[in-house]
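Chains as they are written, first to last, in the working numbering: chain A, 28 to 717; chain B, 4 to 127.
Quick caveat, the hints were computed from the structure, so don't treat them as lab data. Please note: incorrect hints may appear among the correct ones.
[Stated by the list, open to error] Straight-line alpha carbon distances no greater than 30 Å define the calculated DSBU-like cross-link-like pairs of lysine-lysine that follow: (1) A:K580 <-> B:K124; (2) A:K650 <-> B:K13; (3) A:K564 <-> B:K112.
Since we're looking at a predicted model, the values are computed, not measured.
Residues per chain, in single letters:
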Amino acid sequence: MNENQDIAKIQEKIDDLNEEAWRVRLTDSEQTFKLAEESVRLSREIGYTKGLANGCLSLGFAQLRISKNKEALALLTESLSLFEKLNEIKGQADCYEYLASIRRNFGELELSLSLSFKALTFARQIGYMEKQAGNNYQLGVTYKRLGNFEKALEHLYESLEIIKDIDNELYRSYPTNMIGTIHLENEEYEKALGYFKEGQLIRHKFNDKWGEAGSLDNIGYCYLKLKRFDEAIQYFDKSLAVNQSINDTRGHSNVLLHLAELYYEKGDEQNAIEYAGQSLELRKSIGDIRGVAEILLFLGEVETRISGNDNEKTLANFYEGLKIAEEINAIDLISRIRKQLYQYYKDKGDFQEALKQFESYNELEKVLNKNALTQKIVSLEITNKAEEAKREMMATQLKNEELNKLNKEINEQKTKIEETLTQLKATQSQLIQSEKMASLGELTAGIAHEIQNPLNFVNNFSDLSNELIQEMKQELQKGNTGEAIAIADDLGQNLEKILHHGKRADGIIKGMLQHSRSGSGQREPTDINVLCDEYLKLAYHGFRAKDKSFNAKFETAFGENVPKLNLVPQEIGRVVLNLINNAFYAVNERQKAERLTQNAEGYEPTVIVSTKKEDGKVIISVKDNGNGIPASVKEKVFQPFFTTKPTGEGTGLGLSLSYDIVKAHGGELKVETKEGGGTVFFILLPAHQH
Amino acid sequence: MKILVVDDEKDVRLLFEQRFRKEIRNGDMVFAFAYSGEEALSFMKDHKHEAVLILSDINMPGMNGLELLRHIKEKHHEPPPTVMMITAYGDAENYNTAMRLGADDFLTKPLDFSTLKEKLKTIS
């Protein structure tokens, strides 16, 4: 518990260190080093991945800033892999940006560009505006190195555009300064000066000393090129002062060399040598070999101007520079030195040596030109590749947009289909209801007939009872008590009959109401034989009422051992009714056909409804001796909306609904038929309904 | 006078026995009952020439009243008894069929017993 608390505390401390190191990274390199080193040390000690990732990032950045590229590469590579593990996009974007700078410093421009594009993609992904600006800046720098000023400016302007939105002035100074550098290389000094000065003001305001020193140096150099030497010196001095305060050796040596160039331009060779010498020492101290060779070449040129071709020092400088240049294979430097040597020997009159130097120089120039050409081609290729990567990025974005659109369309379609489905369901339930009403219509005549009989009894027995009461009174007046009692018995019997037939009519009405009711009824123990008998009568009378010429024999064969089943009586009743109606329809059709062939006498339309219990099932069968169902039709009879009846006579839903009802009761609906030989429908219900 | 009433409604018996209780008591009329066409035919076979009047419902399961009528008029009985058809369906089709098959009268439900009594008086 305590240990955990301790670790949590240390982690908190590491987070604080990292936050502060990151905050001051542009304004206080020394502090950044101190904080980040402490954070990395602690993170390693307690194995704190997030802390280590951020610590390595800050420390890597600090190393990069003082040109310790190898150290920075190791730290940032570690940081990147940690951020990948943590799946932290922001950290990865930072690492890719700085790794791109390192690769550029190594001269691996193509790799640098691809890393910058990666960083840019991540930054866009999370809407990290500062990083988007930063990476566009880096791309600008790299393209400038490739000599593609057009592309460079494009990215730098984009960087400025983004910075305008995020309102970070210090960031603005970097692309601004870089645009100045491009103008400087194009020898547009006035233009360059404007950008440099703008950058310098911003950096000064935000105490970015490293940057400010660079800006001051750049301004001085512009004045130098414009031959406004006093102003140039002023700015170089300022730059030196800042450089010294932050111990930036490389920057310091740059300014000193620029001062040397300035004095050389002014014709003050002594000062030129003096400053070049100081710069040389600094460059030696930081191991900047190429820089050293460059100064040696410069010094050689200065010496030549001082003492012509009679100076051992000149030659020594040239050869020392040459040695270094050959060591690092800096062809451009070798070539420039060879050219100076050719000049030297020619002036001295040593034509043989001069010729040798010239030939060497000439060869090198050829290589250089070829190199330059190759460089240009490579640059073009890299640019193309970078463009391709960008296009791919755009294509991915477009694809995503297309996918989104497609998804939206699919969703709209889905909604539409769902609406249609809802409408269909509503229509279906309306159809089911209308099918119920249609079968109710078929029933009505049958029901009217069925009610007529009990009503007749009710009326007759009431009427008779009135007469009997009159008679009873007469007998009582006569004193015939025995006769009166006999009449009273009859009266009692009549009242029972009235009650019985009243209830019978009541039952019929209730059944009719249940039949037409929508929604599911309740399951109840039901006598299948009674149910079949009722519906057979209803169906027969209904059919008779519709078609008066219709006459059919109907028979029942009810099994005595058929148990009561727990089911929804009006639903199974509908199935039975439907099957019987179909059977009557079938025999009627056949009879009509037989009449046409005057064969009617030989045909006796018959419908038989039977029930039995068999193998744990109750089977209700409805048999007719109609025309049977053709094989082509047999398979379709249970399909919704399938009907062989003329339009308007059937909904085509009867058997389909029957099928569903039987299925809902855990049973089966089957058909056996012989074309020309009649049809039997079977309802198979489990004998034990739950 | 012996009258055979054919109807699948069994309470018809009680109804007729009460409606014609005076006639029955006086011995003017004797009633027999059959609850289907088939039953009526077998009664007539067993009691030849007893029933002079047959009152039959038309709509019955199995053999219906019209078939019974055809049997009586065409095949079995000589001289044929008077047959009156009773039905809830007072439609022309039924009426015509009944008349074609030789029905002597055609009555519709609900029965008007005073009219029926008048008709019976003219027959006897």
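Quick rundown of the hints versus the structure:
{"no.": "1", "hint": "A:K580 <-> B:K124", "verdict": "35 Å, violated"}
{"no.": "2", "hint": "A:K650 <-> B:K13", "verdict": "28 Å, holds"}
{"no.": "3", "hint": "A:K564 <-> B:K112", "verdict": "18 Å, holds"}
Against the hints set out earlier in the document, a violation occurs for number 1 only.
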